[in-house]
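Q: Here's the letter readout for the chains.
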Amino acid sequence: MHLLFYSFLVGSIGSFASLVLTKKYRNKFASFCVVLEGLICSYESLSIISSGKTTTFNSNQLLPFFGIRLSLDPLSAYFILITSLLAIAVGIYQLGYIRHSTKAKTPTFIYPFFFTSMVLVPISNSVATFMASWEIMAITSILLVLTDHAKNNNSGHATQWYALMTHLGAASIFIGFLILSLGTKHQQFSSIVMSSSSLSTIEKSLAFFLLFIGFASKAGATPFHVWLPRAHPQAPSPVSAMMSGAMVNLGIYGIIKTGMTLIKVSEGWWWIVVIAIGTISAIYGALQCVTNSDIKKLLAYSTIDNVGLMIIGIGASGLLATAKDEKFALFMISGVLFQMLAHSIFKGLLFLSAGSIQYSTGSLNLDQLGGLLKKIPLTSTCLLIGAFSISALPPFSGFSSEWVLFEGLFRSILHLSGVNRLAVLFGLSGFALASGLTATAFVKTTGIGLLGVARSSHAETAKEVPPTMLFSTFLLALSCLVIGIVPGYFLKLTMKSSQLLFPAKKLSPNFKYGSIDLPNLATNIDPLLLLVLFTIALLMILLLLKAAIKRKVRITNSWGCGNEYSNSKTQYTATSFAEPLQRVFADVIRPDQDLVVSHVEESRFYVNNITYSNLSQDSIERFVYVPIKRAVTTWGKFASQMQNGSTHRYLSLGFIVLLIVILVLS
Amino acid sequence: MTTNYFSMTYLFSGTVLVCAIIALWRKDIKAIIYSVAFHGVALGIVGFSEGLSRHDLALVQAGIETFILKGIVFPILIFRIFNRSGGQRDVEPLINTTASMLYTSLFIGIPFFSIGRLPYIASSPQSKLVPIGFATLLVGFYILITRRRIISQIVGLIIFENGISLIAFLLISGLPLLVELGESLDVLLVVIVLRVLAITIQSRIGNVDLAEMKELHD
Amino acid sequence: MKIVSMLNNIISKPVSKGFSKGRNSSSSQSPNRSVAFRHVDVGSCNACEIEISSAFGPVYDASRFGMSLVASPRHADGLLVTGVVTQNMYGPLMKTYEATPKPKIIIACGDCAINGGIFKDSYGVKGILSDVLEVSYSIPGCPPHPQQIVETFRNINR
Amino acid sequence: MTVFSFTTSLLQLIFILACAPLLNGIMLKLKARAERRVGPPIFQTFFDLAKLFKKERLRSQNASIFSALAPVVLISSTVVVIIVSPILSTQELFKTSGDLFAIVFILLVGSLMIALLGLDPGTPFGGLGSSRAMTISSLSEPALLVSIVAISIQAKSTNLSTIVSANLSHPIWLVSPPHLLAIFALLIVIFAEAGRIPVDNPATHLELTMIYEAMILESSGEDLALIKLGEFMRFTLLLLIVANLFFPFGIDTQANWIQLILSSGISLIKLTILGSLVTLLEVTQAKLRLFRVPELLAGAFVLAVLAVISEFVA
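Protein chains in written order, with this note's numbering: chain H, 24 to 689; chain G, 908 to 1125; chain U, 1493 to 1650; chain W, 17 to 330.
The set of hints was computed from the structure by calculation and includes no laboratory data. These numbers were taken from a predicted model, which means no experiment stands behind them. Hints should not be assumed to be uniformly reliable.
Unchecked claim - Calculated pairs, EDC-like style, for lysine to aspartate or glutamate (alpha carbon to alpha carbon, straight line, at most 20 Å):
| hint | chain 1 | residue 1 | chain 2 | residue 2 |
| --- | --- | --- | --- | --- |
| 1 | U | K1587 | W | E72 |
| 2 | U | K1596 | W | E72 |
| 3 | H | K569 | W | E223 |
| 4 | U | K1612 | U | D1533 |
| 5 | W | K303 | G | D997 |
As the list claims (entries may be wrong) - Some but not every residue of chain H turned toward chain U, in silico, with C-beta under 7 Å:
| hint | residue |
| --- | --- |
| 6 | W292 |
| 7 | T579 |
| 8 | G585 |
Cβ coordinates follow ideal geometry from the N, Cα and C atoms, glycine included.
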């Protein structure tokens, strides 16, 4: 625990030093401090997970009235581990990135605090401490999203959405906690857990759903997601990586903490609602991910998709727990945590690679990129590895984690009964559709962005990024591969961390050479073996071909059906790639399509030009939030009419209120 | 021996439901009529095998009767309506097929998990198949709601009614012969009336589309 | 009903005509069992096309000798060119030629491709096929008989 | 890893390598006969592949390393699946990794590689093909995974060998409605994934109607030969897996050498029968419009869901 405080100290030194140091050393020192903080945090969390002990820290000094209550257990240590691993990579990345992106001191100053608050959230052990660190996290992240506001008009708009949603979420969480605290007369989490049986079912349900909505909006679950695809792309890439890779996890942490420890949810239908929201998020996120052609926006939507998968898993685990099948509940929740680890790493990698692409081409629009694999091969390889991981291709991390999720869902279907089983079955279908759509989306991203011919001068003149950025993305790409090849070691880690939730049951995993082989599972995977087999097969075929065929390859023009005008404009674009799916799901996506054909004056048989526009917006935003926003604006206008500055009107309002009060009292 | 009869019942009850789904799935009217025919045949076999396994002659009779009436006579009648009415070979559902299939997958599971809870259903192995009957009934109802043309409406009605017969076969060892006969005749009557109606409307306004019949209201 | 008639087709004798004349005796090399063509119409009146499609139809069935028409010159062993080379199709023809992997076989199918036929010296005509590419085989006729087309295919040697 | 299991894996590989082009030849022949043509000889596919290996290789100037890598990756991913799945014998090579979910995703590696290959040269038709292929593949995923669940429920395992052995010891499972429904759904998905007729016409010459062919328009010589071979191998493999799920009799379970030899003969028969059925379907059915394919796959999904639900009825 104390090591964590030292790490906070290191972070703060870095951040304050960035205020005083000269431009030359500022970044280097701040990044160094962040990396050091991350290293210390990951060391501490690893040691906590391996020992399985819980340490606490209480102080009445720092926060007025309530004091500070901290507790570091294996579960929170696991979240800290993910956050700090990502923070190390991002810290290294920033060395190269900030130099190009902005000269301002603000991000370097705020960034360590953002990181610190994300470590504080999972170790908070009382309502007050939790809300305080939650708010610090919200405010620092809002400031970080605003970093590029001078250059970018959208960022202010995005920040408004983000600030609004995050505070509504915080309010919802706060009310939920209030209900819990008032019902149990405690504000310390460990005491709430002890006396949660004194709550009535209505109190429990209300608290659970308020907390769930709050945390789900932080995690970006549909329909509380609208801020996420706006805020994540607007932030500078390192910040987006932290937000999508680490901050979103804390929403998941909140859901797990609420549903599995604070309020032991015992009624199946709560979890069914959770699964339903998870399924909708997974499918909706994946669909929007397919249809968007801005790389960072697409990545933000795929975060929603992955969060959906995790929420489905949490729901299934909760159902298993209520059905007293704790062994598989434990397996399922460790699957969720494993997916979270994999997601954080590959999403961090993808966002950082997107940042590198923006750095070297100045554009993130897929319709302007192309041919990058030849221009910037190293960055492109990293992006490819991230894309393969997220598409769940073996032997990368996404495959192993989704395998565990799938097995967990399969076991849930076997062991549950009645409506619960049906719910998990639909969760599984959503999972399947989302994984298929994700694969399509990332074939689009890599195929359109990295292959083919450059579609604009931006992509034509791309140059490789500085070595620090490359090093950081390579680190993450390597982690994707390692997690994918030896998933057993990592699953063991997640099982140890989630043991806390189901202390009675113990799984006895048999993870030889990093394969996953559980006695109750009756099946297993060994990605390392698969990779070895695959490599042998690949080498054999290549050798055979080399031995048998000794002809050189002739390089010619692409075959464009004899067309003499084929150039980069005749390639498929990201929009056209997604068009079939957009049409299949038109009822959900509701794209705005417009085709205007203008003729030459002399004859209507000769076309002058054809304009086709295709705008796919977030349909949930359009059909849920915009009407609400409009209503709020109308109210606001009404209120502002009331406030026209006339003293008489104010006085008369006061008079009316007084009258009403008297009437009510009588 | 009983297990063999049971697995036969199980298989053909499943066929009844699958044929209903295929009738919802396909757009080609001929294919739909064929699937309804298979649907009736499978229903007849269910009644037949149930009757044999319970040594219930009435049920065997009902099975054979269903086989002939719903597997052969009704489809032929519908084919004749189809041939008379001419026109389109494809149905035009009000809701597109993909969405329909997804909704079906949602509501089809419900009977399987809710019917089992009903207290008055005996715990014989056959009664576990009752949800299949309910699911068939729901699919039939869904076809009735979402189809425009009269032939598809008849198909929906038949499927709906077959769902009820399936439940009856499985649950209360078949309806008494007279009731069953009366019910079937009822449907037969409906079919004939609709047929006459369809042909009349066809000759008057040249189309058999329910949506366009709204105009007749005025 | 469809399935029954199809099964009947499978059992009954195929309608394809036999070729009494064997392989060209002058060929000393191993028989050529697989050859694929990309068909290029550089300005034909479509009579040759009809004959070519009937050469692949049930009666003359060139596919039984391992011949096929493919969609891309990359998959082909040669070009089956019909018609007289027009100005507009000259570029595409050369692109197609370039896109074909070696060794390439160029077949001039029909009189137009061989000597210009009735379109010779028209205003839109660039020339005949042998002006622009080296022709390996010619199939004379206006249009050529499917049997001739199949025979030419069978006589192709490597 | 025993001598037997090693031999089995090797034999499976050789069996599929030999049978894949042969199956294609048989199907072509049968199709020709159904049209009352004589049709190509059944070894025609071997001749075609042998010829392609001798041809010159052309590559687009825009092509990256994917054009060279994709065909080899396609074949090697298929080879991995062939080695780890029970085709001739349920004896596994390493007592591990014959998991259905894993098999699906290893095969997906090959499909994604081909989709990227289509986008690599920067031509319009390649992009068209990969866009359509990925659309269909992503829409078929729910039906695929749910039918895998349905197949695995009775054996309580997603391991293919365990499922096949369990089905062998309970033959009554094979004719239960859930099993039949799941197999039917799986077959539809295989048609979609392998690009057979209700979804894609492998014999089409028209670029606008192409799905799979459009992606490989740019490949030539040995690249094309490898892709075609890989595609035949995948189709054969999938058919054999379905055959073993539907009718597992004849497969070796006891590590018996004679049974292994017999098993390859029986597998060839199963393969021929299934291949003929597929051909009959292809001859009688027309290709669906692209935007009616989702209907087909949604139907397969409903059948799979129904299979899972009815699994718990009896």
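Q: None of the hints should be skipped; say for each whether it holds.
A: Each hint, compared with the structure:
no. : hint              : in the structure
1   : U:K1587 x W:E72   : holds, 17 Å
2   : U:K1596 x W:E72   : holds, 10 Å
3   : H:K569 x W:E223   : violated, 33 Å
4   : U:K1612 x U:D1533 : holds, 16 Å
5   : W:K303 x G:D997   : holds, 16 Å
6   : W292              : violated, 50 Å
7   : T579              : holds, 6 Å
8   : G585              : holds, 3 Å
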